[in-house]
Amino acid sequence: MSTNTPRPALDKPSLSGRAGGFSLDVEERSIGGALRGWVDKLRSGDPGALPSVLGLIVLGAIFSQVSGRFLSKSNIGNIPGQGAYIAVIALGLVFVLLLGEIDLSAGTAGGAAASIAAVGVFTGNVHHGLPGALYWSLLAGLLAAVLLGVWLKAYTAAVVSAIGLVLVATNLTQHLLLALIAAICIGTAIGIFNGWLVAKVGIPSFIVTLALFLAWQGVIQFALRGQPVAVSNYDLWHDLTYGSLSVAWSWVFTIVVVGLYLGYTLVNAVRAKAAGLTHDSISLVLLRGGIIAAVGLILTALANTNRNPRGRVIEGIPVPAAIIIVLMIVCTLVLTSTTWGRHLYATGGNAEAARRAGIDVVHMKVTAFAICTSFGALGGILLASSQSSASLDLGGSNVLLFSVAAAVIGGTSLFGGRGRPRDAVIGALVITIIPNGILLKPNLDAQWQQVITGIVLLIAAGVDALSRRRAARS
Amino acid sequence: MPPTNAQNDLPEVASVTEPILEARKLNKSFGAVHVLHDVDFAVYPGEVTALVGDNGAGKSTLVKCFAGINSIDSGEIVFDGQPVTISDPRAATALGIEFVYQDLALADNLDITQNMFLGRELTNGRVFLSDGAMEKRAREVLTGLSVRTISSVRQLVSSLSGGQRQTVAIAKAVLWNSKVVFLDEPTAALGVAQTRQVLDLVRRLADQGIGVVLISHNMNDVMEVADRVAALYLGRLAAEVKSSETNTTQIVELITAGRSGGLGLTAATANESI
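Quick note, the sequences are listed as chains F and Z, same order. In this text, residue positions in the first sequence follow the numbering used here: the first is 1, and each later residue adds one. In this text, residue positions in the second sequence follow the numbering used here: the first is 1, and each later residue adds one.
With the rest of the complex left out, here is chain F (with noise of 0.2 Å):
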C-alpha cells in the first residue's frame, strides 16, 4: 500500500485488446452478455441492489423460520401499509442524495403539512382551526416560497406552491382530497426554502435541515394545538393505508404497469437494433420482461384471493403498493429520460463539469430540494393514514432517519451521483419486514427492532465502502 499515488491507469489490456473502433457497440447485448455486464459492474464497485436483495431474502428467511405468519397472506398484505411512509419519503431523499445533499427535515416536514391539512378538514375552516400567527405565516410562507421559485427560475415548484396558496386561502382545505393536495404544495414550497438556503445562501444541507427538523417538530404541535386530529374517518386517507384495489382493477394495474413496460423495452430495443445503436438482444428484452411480467401476475393473483382468515374478506393489491409502484415509475422516468434527470446525475457526479457545461446547479438543488419535500409530505400523509390520526410527532422520531437508511441499503450513495428510485424501494422493504417479522415473535422484544436495523444498515454501508474501495484499486 505504499506506492499509492494515484495515478492514471494505463489502457487496461481488456479494452486495448477488443479490435479497434467500437466493437461492443455494434454487438447487441445477450444474456450472457447482461449477466457478465452485471458481473463486471459487481466487481467494479457498483453493488446496485444486490445486497438490499440479499439482504431482503435473508431476513425473510430467517423470519420465516421465526413465525409462520411471516409468509402468510394477510402479513404479507400488510407490509405495503406499514412500509410506504418509509418508501415515498426515501423516493425523494434520493433526489437530494443524488446531489450529495441530504435533507433531514422532510420526515416532520411532511407531518406539519400532513397536519395542517388534519386541521383543514377537521375544522373546516382552515383559518380558525390554525392559531392565528399560524395561519399567517403559512400564507406569507406559501407567497414567499412563489416568488422565490420565480426568482430561482424553479417555475414548475413556483406553481404548485401557488396552488398550495390558493387552496388555503380561500379555505378549499375543508375538502379533504384538495387539503391533500395542499399539504403536498406546501412540502413543495418547503422544498424551495430549503433549496434556497442550501444552493444561494451556503449553508451545509445537513444544518439547514437539521435546524428545520427540529423547527417543524415545534410546527406540528402548534398545528394541531395539542391535540392530535384523528384522520381514519376520512375513507380517502384511510385507504391510502388499508385499501385495496378491486379484482377487476388490480388486474388491470398490473397489465398495464407489466404491459407498459414490455412495450418499451421492446420497442426501444428493435429501435435501437433498426439504427444500428448499442441495444439489448430481443430475447433479453423478452427474459427479463417475462420474469416481470410472471411475478406480477403471480402477486396479482396472490393478492386477488381473500387474505383475511376470519371476518370481512380483503383482497386486491393494496393501495399503498400501487401508489408505491406508480411514483418509482414516474421517477425512474424523470432521472433516465429527461434532461433535468441528467442534469441531476451530472451535477452530483461532478458539479463542476455541470457548472462548466451550462447546468444551473443552484436551479437542480432548488428543484431536487422541492421534490423531496413533497414526497415527505406524501410520505406524512401516508404515516398519519397508517397511525390513523395526525399524531403530535407526525414525521418525527425514527422516520427520517430510516428513510436515509433505507435509500443507502438500496445502494444510494451519500456521496452523490449514484442511486436509482428502485433501490429506495426495495431498502425500504427490508427496513419495513424488520419490526414487522419482529413483531409478530412475542417473546422477542421490540428493541431488536433498532439493533436489528442497525446492524443491516452497517452491513449494507460497508458492503459499499468495500466495493468502492475495490474500485478504486481496480
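Watch out, some of these pointers could steer you wrong.
Claimed, not checked - No more than 30 Å apart at the CA atoms, straight line, and that leaves these computed lysine-lysine pairs for DSS-like: (1) 25/Z <-> 242/Z; (2) 41/F <-> 64/Z; (3) 64/Z <-> 200/F; (4) 153/F <-> 64/Z; (5) 273/F <-> 136/Z; (6) 41/F <-> 273/F; (7) 242/Z <-> 136/Z; (8) 153/F <-> 200/F.
Think of the hints as simulated: they come from the structure by calculation, not from any bench.
Please arrange chain Z on chain F, whose structure you already have, making use of the hints.
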C-alpha cells in the same frame, strides 16, 4: 527609441490563410497589476498554435479573455474577421470556441455519450432525451477523429484511463462544429503511450481545419505537434515563430528571458518588464 516588439522588425510570418481568432493589442490589469501588455495573438484554422510562457506570464489570463471569463481593458478580439465581444462563456461557445481545461470536468458517473452531450442534450420535445441520436453522433465524432482506444461510447467515464478521458474531453469540444479549441496541458498527467495518442489527436483536430491552441510547458510536445509557437514573457508577447524555424533552446530562452538572439523583446522592454 521607444520600446517596440522586436518581432515587428522581422519578416512577417507568411501565412496563406487569415486567422480564425485574433487578439489585437490586448491589455488587461487586475488592480495595479498589468497582466497583459498589448498582446497580439492569432489562431489559424488548420494549425496548432502553441501558447507557451512561464508561470505568471499571462497565459491563463489571455485564455480567460477568449473564454469570456475575464473582460479586457483595451484592444480587440477578432473572430473570423469580425470584431467580437466575448462577455461570458456562453458567448464563446456560441462563436464556436471551446476550452478543454486541465481537470477535464467530466462526470465520472455518466457514460461517454452522456458526458459529450452534457448541458446540450439532444431532445425530443425539449424534455425527453434522444439517447439514440446522441449515441450515434458521439460515435461519428470519435470515428471522425480516428479514436481507436475506446471500445464503447456507452462506457462509464470512471472506467476510462487518463488518455481516454482526455480523448473524450477533446471529442466533447469538437462535437459542436467548433472552429477553435483551446487545450490546457492536455498531456500533463499522461504516460508515454497515452501522450502519443493525445498528440496524434491534437494533430488530427488541426487537420480537420480546426484552429487548435495548445497550452503546454512540455517543449517536446510543442515542437512535435505545433505549427506556430507564441511565447509570452511577463505579460508581453515575446515572439510568435513558426516551429519549423525555431528550436527548443530558442523557445526556452524566449520563455525565460523574453528574447533570444535577434528574436523577441528588445533588451530595454524585457528589462523594463522585470
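Do the hints match the structure? See the list:
1. For the given pair, residue 25/Z sits about 21 Å from residue 242/Z by alpha-carbon distance, which is consistent with the 30 Å threshold.
2. This hinted pair does not check out: residue 41/F and residue 64/Z have alpha carbons roughly 40 Å apart, beyond 30 Å.
3. Restraint check for residue 64/Z and residue 200/F: the C-alpha separation of about 25 Å stays at or below 30 Å, so the hint holds.
4. At roughly 28 Å between alpha-carbon atoms, residue 153/F and residue 64/Z fall within 30 Å of each other, so this suggested pair holds.
5. Proposed proximity of residue 273/F and residue 136/Z is supported: the alpha carbons are some 12 Å apart, at most 30 Å.
6. Among the hinted pairs, residue 41/F with residue 273/F is consistent with the structure: their alpha-carbon atoms are about 24 Å apart, no more than 30 Å.
7. Distance restraint check for residue 242/Z and residue 136/Z: the Cα-Cα separation of roughly 38 Å exceeds the 30 Å cut-off, and the hinted pair is therefore not satisfied.
8. Pair hint residue 153/F plus residue 200/F holds up; C-alpha atoms about 13 Å apart against a cutoff of 30 Å.
Violated hints, in rising order: 2, 7; the structure is consistent with all others.
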